[in-house]
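> Let chain A serve as the given structure and place chain B on it in line with the hints.
These protein sequence lines map, in sequence, to chains A and B. Just so it is clear: in the first sequence, position 158 is 158 by the numbering used here, and no numbers are missing. Just so it is clear: in the second sequence, position 82 is 82 by the numbering used here, and no numbers are missing.
Among the hints, a few may not be true.
[What the hints assert, rightly or not] Here are some chain A residues pointing at chain B (derived, C-beta under 8 Å): (1) N16; (2) R17; (3) S20; (4) T36; (5) I41; (6) I111; (7) V112; (8) I136; (9) K164; (10) L166; (11) Q167; (12) L170.
Hints in this document: simulated from the structure, not taken from any laboratory. Cβ coordinates follow ideal geometry from the N, Cα and C atoms, glycine included.
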Amino acid sequence: MLETIGYKALVNRYKNRIFSYSIYMLRNSMDAEDVTQEVLIRLWNNMGKFKLPAAGSWIMRTTHNLCIDYLRRNQIARQRSVYIDEDDNSEEKIMDNHKENQPEITTQQNIVLEKIKNAVQKLPENLKSVFVLYEIEGFKYKEISSVLDIPINSVKVYMLRARKKLQEELKDYARQEA
Amino acid sequence: MQDKKLNNIDEEILDKIIAVAYKDAPVTDRIRIYLLTKKNPEVKKILNEYRQTAGNVKKIPLEECPDSVIKSLETKTGKENKSFIIKPAYAFAITVLVLSTLVFVLLNQNKEKEQVYSKAEIENAELQVKTSLAILNKVFKKTENLIREDILPKRVGKPVHKSLSIINEVLIGG
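Just chain A, same shape as in the assembly (with noise of 0.2 Å):
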């Protein structure tokens, strides 16, 4: 009873955050569903056999693991496009989406939004793995060096790396903005 309760708290505090890291890791927004629906299975056949503080921990470790295999598996890295870019079009599928007030400022802010999301998956495996934990997913530097196996020193210099790659990647429309 308690362990179903504990796996639905963890099933909706992590859903989201092992899809977002899959999807990135991936571009693919089909094996990230697969992904997420595996590491969710294998958290339900393991509960029990860790503490919950460390499931965080846990669960981000078997999406990164699955996340390799995935990748070593189909190569799916160099042979399929972009989640993003799917349809080529997707700053006109994000013009005829929004329904704020604003819409000019929405729909640009998206663009660019879209844009950095399109930078980060571009970046090497490493740097995006440590990025993504850190920036989106909101771990800390001792969090990640737990879930990647990696030193702590390892994840700063990953960070930075990726932060320096990102506006390499970024720099046209940075200095247009600026």
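Structure of chain B alone, referenced to chain A:
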């Protein structure tokens, strides 16, 4: 362009600019970079570029996990889930049923015991007690009479009297 800037600003300063832009630099570095921006417009420009990106990165929301994933998950882990939920429910229902049956039986048993003794039966029992007491009284009286009239004079008094007269004869005669 970026490379030219990097030539002017060393790597260590650039790292600090980035940390300040992403708001995870220590206070000393923030002050240092703030002072540098006042002196060097290039530092300010780079800081603004990184700030712009950092601000947008912080706005990126988490992707929503589709409901279909969770629904199919429920069907895959459903059996085990149900067993987890239903087992205690069954146990609880059975316990309640057994307890209520026990309480009901015990209460009914007590009630039956109380109803067994009717007034007539009590009167009958009283009469029986009186009769038995009367019989006992009769027996005791008979015993008393036997002891007083038969045992004491014949079996106790006579031998005592006989022995005393023997002693007297011996003493007087002696």
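> Which numbered hints turn out to be false for this structure?
Per hint list: single violation, 6.
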